[in-house]
Structure formats: C-alpha cells, structure tokens
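Peer 1: Given next are the chains, with one letter for each unit.
Protein chains: 2
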Amino acid sequence: MQEVVVIGGGFAGLRVVRGLAKSPVRVTLIDRANHHCFQPLLYQVATGSLSPGEISAPLRWALRKQPNAQVVLGEVEDFDVDKRYVYGTAVDGSPLKVPYDHLVVAAGARHSYFGNDQWEAHAPGLKTAADALELRHRIFNAFELANLAKDADERRRLLTFVVIGAGPTGVELAGQIVEIARRTLRREYRRFDPADTRTVLLDAAPIVIPGFDPKLSGRALRQLEDMGVEVRLGELVTDVDERGVTAGEHRYDAGTIVWAAGVQGSPLGATLAQAVGVAAERGGRIPVEDDFSLAGHPEIRIIGDLAATGLPGVAPVAMQQGVWTAKSIDAFERRTGAPRAFRYRNRGSMATIGRRRAVAHIGKLKLSGTIAWLAWLFVHLMYIIGFANRVLVVVRWSSAFIAGGRGERIITDTKPANVEADRAAS
Amino acid sequence: MQEVVVIGGGFAGLRVVRGLAKSPVRVTLIDRANHHCFQPLLYQVATGSLSPGEISAPLRWALRKQPNAQVVLGEVEDFDVDKRYVYGTAVDGSPLKVPYDHLVVAAGARHSYFGNDQWEAHAPGLKTAADALELRHRIFNAFELANLAKDADERRRLLTFVVIGAGPTGVELAGQIVEIARRTLRREYRRFDPADTRTVLLDAAPIVIPGFDPKLSGRALRQLEDMGVEVRLGELVTDVDERGVTAGEHRYDAGTIVWAAGVQGSPLGATLAQAVGVAAERGGRIPVEDDFSLAGHPEIRIIGDLAATGLPGVAPVAMQQGVWTAKSIDAFERRTGAPRAFRYRNRGSMATIGRRRAVAHIGKLKLSGTIAWLAWLFVHLMYIIGFANRVLVVVRWSSAFIAGGRGERIITDTKPANVEADRAAS
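Taken in order, these protein sequences are the chains called Y and D.
So for the first sequence, this note's numbering puts the first residue at 15; every next one is plus one.
So for the second sequence, this note's numbering puts the first residue at 15; every next one is plus one.
Please keep in mind that the hints were generated in silico from the structure rather than gathered at the bench.
One thing to keep in mind: the hints can contain errors.
As the list makes no split between identical chains, a pair holds if one copy fits it or if it spans any two.
What the hints assert, rightly or not - Within a straight-line C-alpha distance of at most 25 Å, the following computed BS3-like cross-link-like pairs (lysine-lysine) qualify:
#	residue 1	residue 2
1	164	141
2	380	229
3	164	111
In this text, all values refer to a predicted model and were calculated from it rather than measured experimentally.
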C-alpha cells in the first residue's frame, strides 16, 4: 500500500486526509498540535468570547472513523527527497522518521515582522490557540494594570490598544476590543471608565481590508469609526517597543499591541525548497506547478498558505486545494487519469467588525451592516466542526450579543507577559 | 465609612462581599485570580469536559452591581494586626498596603503532601483552573506518549493512571479517566486500544469517600469497580517518582499520577496566626472563636477551608460561613446586636463517579446510581454562577453523556510537563 504523508492538520491538510478515506493508500497526518483549529474565529478566543475547545476539533476525533489514517504528534524538521523520508521529533522527544510515496506539505504560515523579529515580544500575533490565550491574557490584564496605575498618563497608556494591520483579523480584533471596553467591562471598574479606552488600528495601506471591493472597504472604515475605533491609514510602523508603537513621526503609547500585519510561510517551506533546489518567493511561499507539485518532484505537493499560487491565504482556498489534492492522489493511485485542472471557486468574502457590523461580497452582492453580519454568522457556524461546538457557539454568541457577556475572561497564569514586560521596563 | 477587607474570592469570601452589599461599609476583595472558580467541577476541566470559563465567573463581573465593593488583584503576604494593614504585591508588581477595620481571611487550602513536597512535580493536585489545565494536559498527553512507546512495558506504564486519595475528588477523577479511555478515545488510536488503560485509585483508609455513610461508601466502591477502576484500599503511599507510585510493598508503574489525598490551609493562615500569637492546628488550619474571629481580635475573622471549625472543607460550609459573617459584620456596624450563633445546616452530601453513577445522602435519603446522579446534576447546575454558563454546561454534558464527547481536549502548550519529566528521567 502506498504511503501518503500529510504535514499540517489545518484546513488544507485535514481535507487531504479526509479526501483519501476510500483511496488505496495509508495516510499519516503529522502535526505538532493535537487539534484542528478553526483559525477564522481565533480572534474570539483572544477576546474572551469563546474557549479554545469550542473552535477546535481533536485531530484523532476528526479521523476516528477513517481506518486508513493515523495521526502522529510531532515536529517535522527535515526531508530526504531522494530516499523519500520525513524527519523530525515526536511529542515524546524521540526521533521521527516517516517514509512516503506521496508527501503533502500544508504547514501554513506564521506572522512576519518584516525583519524586525524583536517586535514579536511586544506585539504578538494570532495564529494558534496558544497565541489567542496569550493575547486574551494581555487584553484583560491591561485593564487590571490600568486599575492599579498611579498616574493618569500611565493609565491612559495602559488603556490604549494598538492593532497593527487592517486586514480582516485586525479589523475584527479592533472591533472586539471596543466592545470589551464599552459593553463587557461596563460598571466593573471603580477608578476609571473602561469606555475611555482608546483603540487604534494602524496600517501602511490607504484603505482597510485591502483585498475587498473598494466600496466595501469604505463601508468597513465607516463602521469602524462609528464604533469608536481610531483608524490611522497610510502610516508605516517603524518601531515597536514595550511601551508603544512608532509610525514615522507619530507615536502611540500603548499597553497592548497586536500584530495582524503580515504572514510568512512556515520555515519548513524553505527547508523543503532547499532540498529540491527551488527558491522560496517573498513571504516564504514556495512556487508550485499547476497541480501543487514541486518542479521535478510530482510526488511532493505544497498546498494552503505555504504555496505561492497567487490566491489569498484564506480557509476556502486551503480547503478547495486540499480536496483537489486528495482527488489527484487518488486518481494517480487508481490510474484513472488526473482530475480537471484546479480552479478556485470564490464563493465570496466577508469580514465582521462588531455586533451587527460586517461587510460581505457574495457573487455580485455587496452587503454591509446587519445583513452582512447575519450572513457572516451563518457561514461561520456552518463550517465549525462538530455538533456540540456549533450549539455551544450559538449559546455563547447569544449571551454576547444580548448582554455583552464574555464567558472566557479568566486568566490562569499568575504572571502575564505584559506585567513582566512592564516590570522589566520600569 | 468602615473598611472591610476580604482575602480570597472563593465560596466563602465572595459570599461575605455580596452579603455586605447594603451595609454601611466599603469592601475590598483581594484575590490573585481574576475569577471565582466553581471548584467542585474542576475535575471536569481537568478531564476535558468543560472549559475553565464555563465554571468560572470574573470577580469584577460578579460584583459589578455592588458599588460599595472593589476588587484588587494581588497576593497578600503579611499583616500588621496592631495598625490594621494588609501588605502584599499587586498584579502589576507594585506594593499593596490596604487598611482595614474588619478583616476576613478566606484564603482556602492547597494540597498537602505530608512533608513530601518533592512528590508534587510527579503527582500534581487540583485546586485552581491552572492546575486543571496542567492535569488535562498530562492525561491526554499520556495517550499520545503511549502511542509512540517503543515497547509493550513502557506503553503499559504510560496507560496506567494512579489517583492517590479516594475522597470525592479522587473518586470523580478515577471515574472520568475510565470514561475517557473507554468512551471518549474509542477508535482514536491505531496501535493500541485505549480501553486497555489501567486506572488505580489508592487510599490508606479502608473505605472510599470516608466522610459518607458507610452504606454509601460501599455502594460507591461497587460502582467504581463496576466501571473498571482498580480500587486499592489500606495502602499508604510511601514514595512517588516520575515513573510511578510505591505503596509499601506494592509498586504501581504509571505515566500519570494525580494527588487528591490531602489539603492544608493556605500559608497565609500561619502568617496571620503568628502575627496574633495563636498556634495553627494540624493541616495548617487556624483555630477560631464561635464567630470565626481570632482570640483577642474580634475584627479579624477566618472562614472557609482555612478555619479549624471541625466542619468539612466543602462549598456549602464555606458559603454558609460567608453569609453568616457578612450578617455579623453588618450587625456590628449597625449596632443591631449579633446574629444568632452560626449553625451549619447540612443539606446533604453527594459524590459522582461516572455517567449515571453517584451516591447522595440528603436528609434521611441514601441514594445511589441514576437517581443520585440526577440529583447531583441538578444541584451542581443550580449553583453554577451565570445564566450562559449554566446553558453551556447543559450542552456540554448532553454531548458527553450521549456521545462520550469531550469538547475541551485541546493541548495548547507545545511541551507538556510529563514529557519534560520523562525526558529528564531517560
């Protein structure tokens, strides 16, 4: 039986594995996490509306009814593309060596600080459940620190949140932070009014959510400003430190900074590119053939955010590439002829900003406000894995939209990262 | 206005604060956590059924409608009982100095290893949300390590879980571990059958849940054994190391060890006892007068698990003491005469073991099996704070009882503690 090794259990990788359920192959899925994460809702974990479990499905659970698939938890580190082995370290620390006949690399992307990696400690990004919990910690802890602040300037700094990057994630985060300050925490502090919180959304581009239709970008901008987000466009961030953000001549003293400005392909892409002798593109993405294979290596495919295909790094692209790749491997093994060339079907794009505020572009329809928000709700609920999760998310959202409640505000660590940073700075 | 300082936002402390809502006093609640935790359900967080947020309420949220109360996040470290100050460190690292007219210490209890603190690294206990997440991590990771094990003995060790202490928490944990192995993880591993997991419940006492009626203890034992828990009574643990537990002549090689054997009062109790010149009792509990005040210090009260009152360390005792203490302070400040002497009303006791397995002692009724389990469900749901949480817990439990599902199995750290321990040992 031919061995298919899939690296990464995200939208792309998981679709490949499931798509091979009835194929005459054995599939090994390697991931360092034990769960598939519904990344488009991570910002809600970060802002205390959902728990990590509610937007995740254990990989083993997702594949429990697929006898030809196995899951290995570990980190892939290297490849032998001649002998066809994947090397790495399993979760127990033992060396991992897995042979393959087909290799699918769907290792995704991480934040990119454009060469300023020292910014990461002060402005973390949002790609994993652990990132979301760290960010949640920082956001809610900022209000605690503000409550203890000795002077007005320091309190003002601690109550300033800067989100860098006005793509969909940045827009969503900025909107949520405003809602936390104005609704969730109302009446909870005695020494200041959380509604005085300042939320700044910074981007070097002249518009928000640049990939969208200009009309919808404009509407999103108006909705953000209506909510009270201070949108600063055309400002390139030149420095990030533990006390704020500098963008050219502008300085934003802030207690919490979030990075939503850019991503780059997983370093695994570069490792693989080097092994086969191709050059990674800008952003660490790897150029692939039309069937996502590497030049000269039809048995190695790269899909999802790590592949340089010209398509945006969103879940529908990854899922469609995953489904197609499974069909392609199945056809190869059954010798039934390759499937029709991959073509991305854009079913629309949407971004949510806050309660009853969103924009959506579906076919020729350009929606904004409540109707776009309802469309967003519907689509995101449909795609969440697992019945219980879906019901839970409905309950959570009902509570949040009606009462401004956030059930997941608890801070479990005793020492949050921004306390440490502040201590070090003082 | 008189200042009341309450240390600890658990069942006892939170009831004092809320009970003083209409009193002519100002109340400061000091806690190191930002949330009240429903500790009786922590074991469900540890075993992946609930998220920490579902059994927690942010303290500020719980007190948002009480203008005479404020919350300070920080750690109390010392007392000046003459000048009436509490000293400590706030969550931002700044020194804390809070004056009081009335002091209520409800700092609770931690695990006690009976002088063998080195066991804690190998056999963590379960008192906080952070403890529960650590334990969840260890439990689910043990199956991953077993999946990677190279030989049968090591796999057998990794699939052995030892719970030390057969009180209500130990019994609940052992039952849940069996359900994880037999139901939740069914079909998820290819190299072994999770149902082969061995779950050992160890106690030096000759019976399980010793505080209960002997007839109910016996029924609980039978239900545990029916489920497949290996109950070993009359065995005193003599050593705990990273590869297992020794109890006299018996050795239990195990991958996961949980400590549910004993608690001791918070070290803050000893600090306070020393300041007023009283001696702490065994287990670190502090002797108090009938009104929970310290001898010679009517303005200082100790309630909950930290007070040596002869009553069991359970939530109903803490809550009733909290309510009574608020009345007592209110009467003192209004000069309306002290309330009637405190008397604990025992409304019953119950322990759950697994799905449709529990024991309950309510008045003269001694129940076990399904009916006791339904009573347990009802009572625990009634006492969970917050409407959304209650609905969420119902949804979670429905999914768990019908399908054996556990929605909160995700592991967010990349390096769980037991991997580290195993690496260090090898």
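Peer 1: Against each hint, give a clear statement of whether it holds in the structure.
Peer 2: Outcome of the hint check:
Proximity of residue 164 and residue 141 under a CA criterion of 25 Å is satisfied in neither setting, with 35 Å inside one chain copy and 33 Å between copies. Taking the shortest Cα distances, residue 380 and residue 229 sit within 25 Å of each other inside one copy (8 Å), while across copies they are farther apart (69 Å). In this assembly of identical chains, residue 164 and residue 111 lie within 25 Å of each other by CA distance solely across copies; the values are 14 Å between and 56 Å within a copy.
When held up to the earlier numbered hints, the structure conflicts with hint 1 and nothing else.
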